[in-house]
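Those sequence lines, one after another, are chains A and B.
Under this note's numbering, the first residue of the first sequence carries the number 8, and numbering increases by one thereafter.
Under this note's numbering, the first residue of the second sequence carries the number 45, and numbering increases by one thereafter.
There's no promise every hint is true.
[Said to hold, decoys possible] Derived CB-CB ranges, DEER-like: (1) Pro160/B / Pro202/A: 48 to 56 Å; (2) Glu102/B / Arg266/A: 24 to 32 Å; (3) Gln68/B / Leu87/A: 40 to 48 Å; (4) Leu67/A / Val101/B: 27 to 35 Å.
I should point out that these hints are in silico values taken from the structure, not numbers from a laboratory.
Note that the Cβ used here is the ideal one computed from N, Cα and C, for glycine as well.
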Amino acid sequence: MEALERRACVTGVGQSQVGRRLMRDPLELTLDACLAAIEDAGLTRDDIDGLSTYPGGVDLSPGFSGAGVIQVQDALRLELDWFTGGVEMSGQLGSVINACMAVATGLARHVLCFRSIWESTAQGKSGRGGFGLGSVDESRRRVGEEMQWTIPFRSYSPANWIGMFAQRHFHEFGTTREQMAQIPLNARKNAQVNPKAIYRDPLTLHEYLAARLISTPFCLYDCDVPVDGATAVIVSHVDAAKDCRKPPLHVEAVGSALRGRPSWYLFDDLTTMAMRDAGKMLWERTDLKPADVDVAELYDGFSFLTMAWLEALGFCGKGESGSFIEGGRRIARDGELPLNTDGGQLSAGRLHGYGFLHEACVQLWGEGGERQVAGDPTVAVAAAGGGTQGGCLLLTRG
Amino acid sequence: MLDKPFRVLPELTETNRHFWQGGQEGELRFPRCQRCRTWIHPPTPVCPECLGKDLAVEAVSGRATVLTFTLNHQQWVPSPDHPYAIAIVELEEQEGLRLTTNVVHCAAEDVRIGMPVQVVFEQYEDVWLPLFEPAGAV
Numbered sequence: 008m009e010a011l012e013r014r015a016c017v018t019g020v021g022q023s024q025v026g027r028r029l030m031r032d033p034l035e036l037t038l039d040a041c042l043a044a045i046e047d048a049g050l051t052r053d054d055i056d057g058l059s060t061y062p063g064g065v066d067l068s069p070g071f072s073g074a075g076v077i078q079v080q081d082a083l084r085l086e087l088d089w090f091t092g093g094v095e096m097s098g099q100l101g102s103v104i105n106a107c108m109a110v111a112t113g114l115a116r117h118v119l120c121f122r123s124i125w126e127s128t129a130q131g132k133s134g135r136g137g138f139g140l141g142s143v144d145e146s147r148r149r150v151g152e153e154m155q156w157t158i159p160f161r162s163y164s165p166a167n168w169i170g171m172f173a174q175r176h177f178h179e180f181g182t183t184r185e186q187m188a189q190i191p192l193n194a195r196k197n198a199q200v201n202p203k204a205i206y207r208d209p210l211t212l213h214e215y216l217a218a219r220l221i222s223t224p225f226c227l228y229d230c231d232v233p234v235d236g237a238t239a240v241i242v243s244h245v246d247a248a249k250d251c252r253k254p255p256l257h258v259e260a261v262g263s264a265l266r267g268r269p270s271w272y273l274f275d276d277l278t279t280m281a282m283r284d285a286g287k288m289l290w291e292r293t294d295l296k297p298a299d300v301d302v303a304e305l306y307d308g309f310s311f312l313t314m315a316w317l318e319a320l321g322f323c324g325k326g327e328s329g330s331f332i333e334g335g336r337r338i339a340r341d342g343e344l345p346l347n348t349d350g351g352q353l354s355a356g357r358l359h360g361y362g363f364l365h366e367a368c369v370q371l372w373g374e375g376g377e378r379q380v381a382g383d384p385t386v387a388v389a390a391a392g393g394g395t396q397g398g399c400l401l402l403t404r405g
Numbered sequence: 045m046l047d048k049p050f051r052v053l054p055e056l057t058e059t060n061r062h063f064w065q066g067g068q069e070g071e072l073r074f075p076r077c078q079r080c081r082t083w084i085h086p087p088t089p090v091c092p093e094c095l096g097k098d099l100a101v102e103a104v105s106g107r108a109t110v111l112t113f114t115l116n117h118q119q120w121v122p123s124p125d126h127p128y129a130i131a132i133v134e135l136e137e138q139e140g141l142r143l144t145t146n147v148v149h150c151a152a153e154d155v156r157i158g159m160p161v162q163v164v165f166e167q168y169e170d171v172w173l174p175l176f177e178p179a180g181a182v
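All chains should be built: construct the whole structure from the sequences, respecting the hints.
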């Protein structure tokens, strides 16, 4: 079987201003990121013949989408041969995997992929709310579809839903909060040398353990930080990449599987989620091994998700993520598997999946500045989502 | 006795009424395949096991086990009863027949994985919510 994704590569990345309550037009942030990515690739907008995004122009919750395909196509007057945008795909990076397929099959040569979010401004002073609540004053409001099976039980948030998976992992494998803390502590250390990160003050284990609980076993620092910001990447056909400015980052393999039940409470194994199958699939499509990976950028909407991705991608055994990250040395920037080197969503901000791919590319191009991983990394993995749907990409340079 | 906490209620339809109103007769009900006897949740028009379409609503025992839980501390909707326990329970009739629910009638801190529980219904308007209490509770 030929892994067709190898005909695709990443040729440029771009990111807007990222911050809390920027009060800026989300379309402007989106276009800032898109134009930066086009320029980074050494292309012009006339070269862009494909457009791909997640979740499309649908605000599922306040600020969840800064722009969709239609707005960006029109704003930049793009002449497209192929486009797609939506929420039912292999997580946020499913939109990049789709773009790989589009260039591999000849539907497009250079696909502009983007994810734009403005939750911080949209949520306003009230902060992050629960799902399904709307205004609580509307006491006659009712929920339907999938949400009817969770919301009436006062289970309003992914913090509740994912917290239950973490709790089961703790129960089966003896995982501890002290171990899980290494995900946010490591992220914060990396954020300290990322000038664009939201939270850059030092964070200690003592402060982590003293923080207020959100939903056990998660405390405040296990939850990512809503921001405003947009990220874009250019996916090009390998032949078209020769026109680009920078060395292409080859897509060695992707993981896009959905095999278990896509549910927050019906997945067969309550110690992992959809990432289990996406991670497994990725290694079925390449001769490279987890030990070949120089940098890992793994989704951390909640700290436990990163642990589940570490297991899903085979960086440690099933149930062993707690001991793998214990003490934090292995996952530090100078450890054996540098992890979430820009601070992730926990400290750098919830760019919702695309931040991980952006950072993987930055590291492979050696553009990380003070946070650049030593040793000239050439293999990186980026993973996003992973709860009910997830996707991952393995990238190589040279 | 504390007032019942605020809850967003489910929208009743022809496909979910058996579930949300079964508690009126003290029954927890699910569609069941009449060919291969698989219990089905959430409701779907085709049996996910044998793909048969001969489904009928039946009642389960209401006995279940806590597979996992979380104690919610965040005041999504302010109320004095935080933290409260949200759990995933599995009905004894079938592996994988699960509900998200609340464990009630015990201290939230006493909820444990593996704990046997039984259904207890709490009525809100025209909805009977299946909550679970420790098995053997009076």
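Taking the hints in turn, this is what the structure says about them:
1. The hinted range of 48 to 56 Å is satisfied by Pro160/B and Pro202/A, whose Cβ atoms lie roughly 54 Å apart.
2. In this structure the supplied range 24 to 32 Å holds for Glu102/B paired with Arg266/A, their Cβ-Cβ distance being about 29 Å.
3. Checked against the hint of 40 to 48 Å, the pair Gln68/B and Leu87/A fails, with Cβ atoms roughly 55 Å apart.
4. Range check, Leu67/A to Val101/B: Cβ separation about 32 Å, and the 27 to 35 Å hint holds.
This entry does not satisfy hint 3, going by the numbered hints stated previously; all others are met.
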